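Protein chains in written order, with UniProt numbering: chain P, 1 to 385; chain D, 1 to 385; chain E, 1 to 385; chain A, 1 to 385.
In case anyone wonders, no lab produced these hints; they're calculated from the structure.
All values reported here derive from a predicted model rather than from experimental measurement.
There is no bait here: all hints are sound.
Intra- or inter-copy, both count: the list cannot distinguish identical chains.
Below, in silico cross-link-like pairs of lysine-lysine (DSBU-like), each with a Cα-Cα straight-line distance of 35 Å or less:
| id | residue 1 | residue 2 |
| --- | --- | --- |
| 1 | 202 | 385 |
| 2 | 330 | 293 |
| 3 | 202 | 330 |
| 4 | 58 | 385 |
| 5 | 58 | 293 |
| 6 | 12 | 309 |
| 7 | 233 | 119 |
| 8 | 162 | 12 |
| 9 | 233 | 58 |
| 10 | 162 | 68 |
| 11 | 212 | 247 |
| 12 | 373 | 247 |
| 13 | 68 | 247 |
There are 4 protein chains.
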Amino acid sequence: MTNYELIHQFEKTRAHSVALCAPLAPEDYNAQPVAFASPPKWHLAHITWFFEEMILRKYDENYVIFNKDFSYLFNSYYQTVGERAARSLRGAMTRPLIEEIYSYRTYVDQHIVALLKSKLSLEIETLVTLGIQHEQQHQELLLTDLKHTFSFNPLHPVYHEKFNLVQDTNNEEGWLAMPEGIYEIGHQGDGFCFDNELGRHKVFLHDYQLSKGLVTNGDFIAFIAAGGYQEFKYWLDEGWSWVQEEKITAPLYWIQKDGTWFSYTLAGLKPVDVDAILSHVSFYEAQAFATFKNMRLPTEFEWEAASEKFNWGKRWEWTYSAYVPYPNFKIADGAVGEYNGKFMINTMVLRGSSVATSEGHERNTYRNFFHPKYRWQYTGIRLAK
Amino acid sequence: MTNYELIHQFEKTRAHSVALCAPLAPEDYNAQPVAFASPPKWHLAHITWFFEEMILRKYDENYVIFNKDFSYLFNSYYQTVGERAARSLRGAMTRPLIEEIYSYRTYVDQHIVALLKSKLSLEIETLVTLGIQHEQQHQELLLTDLKHTFSFNPLHPVYHEKFNLVQDTNNEEGWLAMPEGIYEIGHQGDGFCFDNELGRHKVFLHDYQLSKGLVTNGDFIAFIAAGGYQEFKYWLDEGWSWVQEEKITAPLYWIQKDGTWFSYTLAGLKPVDVDAILSHVSFYEAQAFATFKNMRLPTEFEWEAASEKFNWGKRWEWTYSAYVPYPNFKIADGAVGEYNGKFMINTMVLRGSSVATSEGHERNTYRNFFHPKYRWQYTGIRLAK
Amino acid sequence: MTNYELIHQFEKTRAHSVALCAPLAPEDYNAQPVAFASPPKWHLAHITWFFEEMILRKYDENYVIFNKDFSYLFNSYYQTVGERAARSLRGAMTRPLIEEIYSYRTYVDQHIVALLKSKLSLEIETLVTLGIQHEQQHQELLLTDLKHTFSFNPLHPVYHEKFNLVQDTNNEEGWLAMPEGIYEIGHQGDGFCFDNELGRHKVFLHDYQLSKGLVTNGDFIAFIAAGGYQEFKYWLDEGWSWVQEEKITAPLYWIQKDGTWFSYTLAGLKPVDVDAILSHVSFYEAQAFATFKNMRLPTEFEWEAASEKFNWGKRWEWTYSAYVPYPNFKIADGAVGEYNGKFMINTMVLRGSSVATSEGHERNTYRNFFHPKYRWQYTGIRLAK
Amino acid sequence: MTNYELIHQFEKTRAHSVALCAPLAPEDYNAQPVAFASPPKWHLAHITWFFEEMILRKYDENYVIFNKDFSYLFNSYYQTVGERAARSLRGAMTRPLIEEIYSYRTYVDQHIVALLKSKLSLEIETLVTLGIQHEQQHQELLLTDLKHTFSFNPLHPVYHEKFNLVQDTNNEEGWLAMPEGIYEIGHQGDGFCFDNELGRHKVFLHDYQLSKGLVTNGDFIAFIAAGGYQEFKYWLDEGWSWVQEEKITAPLYWIQKDGTWFSYTLAGLKPVDVDAILSHVSFYEAQAFATFKNMRLPTEFEWEAASEKFNWGKRWEWTYSAYVPYPNFKIADGAVGEYNGKFMINTMVLRGSSVATSEGHERNTYRNFFHPKYRWQYTGIRLAK
Ligand SMILES: [Fe+3]
Ligand SMILES: [Fe+3]
Ligand SMILES: [Fe+3]
Ligand SMILES: [Fe+3]
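Bound conformation, chain P alone (with noise of 0.2 Å):
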């Protein structure tokens, strides 16, 4: 990639962060009312310390560090990188004000531009490039976080009435038949990818079919009227307790009002389509209303076999596939092999990508991953046979 196609992204993304953030009024910036999702401007700030951290400390020297309380207030996970405030207190940083954040964002900026037009490496690609797929990937957390908070205010906040982004339909049915055989698995070619996507490898699949839709409110609306929530039978043990503990009755958003399902978005309260794609269920739902309909969730590998075959991108896709090392993975020295490897526990894998998931980010070797009783991403699901 030339100097300045690289530019040209980075300024791309790093401008699309901030679009998103149009709509918010100061406010919004904090909120953080549970420890999973983090507030707007923890985010913004995160994302841009990626770049301060890992390539201006390190390949600009005469690069002067904007604050040096940022790397604790905006770190994120990396226990190599040192001290960093406790996840849940992120809400609780009232200061700096949104508005030195969006300075931070300048200074940083400019010393990325400054550096990649003097001395582009490949090094410094490559970890230019993964702070691109990185803010990338926070540019998608900011949305479903954002709508995680809006959606404990009784207002139902609007964000903006164009992003209901839970309505759209299938614009494909049946079902796709897969011969057994062995098929290639994982990251190909030179493209970008994530070091959870390496380690390309074969596996052996038996016959199989995948439905071409995805199931749909009204599909899921049959089962909890069917009494789906109450019956163990469809549950696995530990989901059965989530939902006795939790008091599961529906998808995450949705509420009823006097015999109508609705369900917050981020355009507001809005009437359940029937004919739209389910949203907002976690693994143990998806698993329950697939033996529910005697049938089952994919495997990741049957997935991404076929995932040519069909369209996908709507919904992060559920599979029966736990979160586990590919052949071969390794992990990166320092920092930034912290990226993936150390969450391959008690996750399971998700396919696809989603509504929300920002343009140019989506794969079909991608392996999303989540606790399966987590729901507030546009998480969705395939049935397979």
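Based on the hints, put chains D, E and A with the ligands in the right spot on chain P.
Chains D, E and A with the ligands only, in chain P's frame:
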């Protein structure tokens, strides 16, 4: 009181709340890292809601509710008045924006003033006075809650250079001896008081002595240096568990750097002045310190009986009196009756007032109360023997 | 007291503990489903350890410790005496076997009796008397803890057919009026008392009335039927949270079958007798019931001042007095000093004694104390007005 | 199988459970300090209840339930079969006495044998075989649960002098190289297996090597000495939290005295033999150790494919395979169907068997599974590369 006197008091109190928020940026209005400390926006709205709910809705027949969702958002604990948002979620409410809260305040103020001009009954005067006192209480909480929130921030935010609040020293020393006898306790006269001060009654007190000065930082540093936090014999059993579990080693907001004690104040991080009066200790610490000194804490009756003979008002002073009803304590009917009585269990009485107490809010019959573990108020220690 | 009187008292008390365990099988000696209730084996060993630790180790120079691990196993809370097993793990100690505990008892008994025969000092007499009183306290706890453990068992184990303990009725009715005046409170005379009863002092009491009888099951069923557990206005705030979180709908051990109330007793499951005296209520319930009746609970001073004029001894009676030190309360030196004073926070005083109290252990100056939530003692309600 | 072969197997298995309890005193049968480990009495009764519930109630029309409360007391997790006592309360059930449990066993044994003599159908044979396997599983749990309970006791109880169980050494060394290719995985043939082993299927494996020996205590002491528990880079994120929160510094049951490692065994406290095979580590520790060695854990497929070429059976060997269903996994109908499938989330597969596994219970297709934090089984580590 005439209409105009009451209107004057009302407006003065209302203006003071706004003045206290002058140093704040919009980002500061929301944050709530712990459930027991509410964000400034909530305080500002809640004290306004009190006037709307308790007075305008009942006595102004033409009054139109400013926003029907505010009752849910800004009710505190009045079960009589219906549903309310979970206390721990106050910080999640990024909307309404702070601007709208100020509009709400203006709207309610105009209606209260109009009401007071047109038809002042004793009932309304009583409730407006209660509302003023309630607002003053929340003014102190607004400051102490804000300090607590700011204290998590490694940037040590400065609320205002002049708001150190923990630099006062004692201006008296020695012991005040009080003779045994029957004393009258509780509020008398026409002035305002809370329901928990009523039921004026007699108590018999044996001879006792009270320290004229309060415990200083230097006194308490000696306790720390003597291993006070490591020696269970000074502590109540529950206090000892608290010290162990919470890993308590100093008063709240104190940090040690290279052997020197600093404390976070609303004027930023400051060295601890050994001559200044100690602040931010729990009842457990107060009681352990008294035991360490071979003395004791006074009872609330000893404090009140002697209160005209020493200076008070710098710190809320922990007493070894549990907060229980006075003889003939009566709970008022309706929501107002929820004010105090229902907290009369597992809380200890604090007497006096503090540097953060609003002017005109102090009384020597005032019974403040907190669970023995709390330290975020400006609490201090007066010894007795 | 002569040697022989003391030896007689000692042996009688020691034999009573053994007699209380006669109905138990070895399997019954260990179980501990909740941390606050200890298994019978632990009680039996702990009260023996007290004599060994507090007396034999100090006053019998030839004494050989029975088993050096027992101090770790059977110390209760005496921090002075060193490490002790976690309270919640008492039930995990299947060894030593119960047989060995009885050998331990015999061994210690022989040495104590020998010591008392050979050299009885006032110091030793005081400690042996304390040990006897301590054992009597644990006798009551042994019964109440056992009842609590048995209560989880759907087989409703019968400890003994004659140990119903909740069938007594009132033998007095009406109100006792007491005039205002100065009363003396606290222990006097040469007899044994605990340190918390000392510091005899004067209190001033206003006119008051006490019910001669205690609240009956029938009275309390009326409270339940009137929706008492669903009406927050009767409850202290903390009590209301307790009712909600613990889903409390009746006194402890009560269950309703087809509209009839039963209660688990040490004689098995029995119908609730509406005329019998209510038992097993928390302070929260006692206070809510009193509020429901437009009355109140007495203070411990009102109770003691009038205690010679009514019958008591069936139930530990909740008072609306927090357990705080009397004027001039002194903590004894050493381990014995840990006895009572360190619990003087967040506990409420109960007066009288109960059907489970060992004979000779009751005094009208006795100050029992528990956290307001506890109900597993034979607690009851006397109303005041 | 003939009637008599099956009866023989049944009786042999039943007798073995009783033999395992021979060293126990009645006091040992109840204790349950942690919810996940059940007391011996519960195991003995539960495995009997399984035969009563799954076979006698359905196939012996004259069968009279021994005690109708036992279903509530001794059901484990079968939701289909109705209410059951909370798992954490198993230790609270001092009744029925152990004697009665033995009567229950005898009663059920007689009826099963009679049934097998009179009418052996394939259905009954299948269920009796399942019951035998189920009892064998619980035999291992009985031992490991008992060890865990005993381990809290500072007396280090000796179950049996000959039951050290952690003294074996490796009898092979070096690496076994396996070529890439398609392997068949899962149970085949007529012998018994659990449902989770079925769905025999093909997998493709790349070249790999397995260590012929298991990690020894000496190997692991080197990890400890090198600061392995203090170095986050070896740990999965969740494992690192576990180490911090639980303050883990050594394998379970290890204690250090004056620089020497000891471990609690069923034969009492013993010095750790550096040549013996390591036991009682969590998946987190296994994975951290492998990372420390720059190697990895095998997958369950690698393990099974090579299992005939190395010795196994001393330790349950952690694999880096999550416990998920095989292709074409089918859940059986009814209560039996709850056996395995519902645990297929957030658990990791262990392969092989251990020194505590009952004879005849081991298979190279066996899929044992536990949450990655558990260590109370005889778990060990085989490295792969
Ligand atoms: Fe990040
Ligand atoms: Fe308020
Ligand atoms: Fe004791
Ligand atoms: Fe089982």
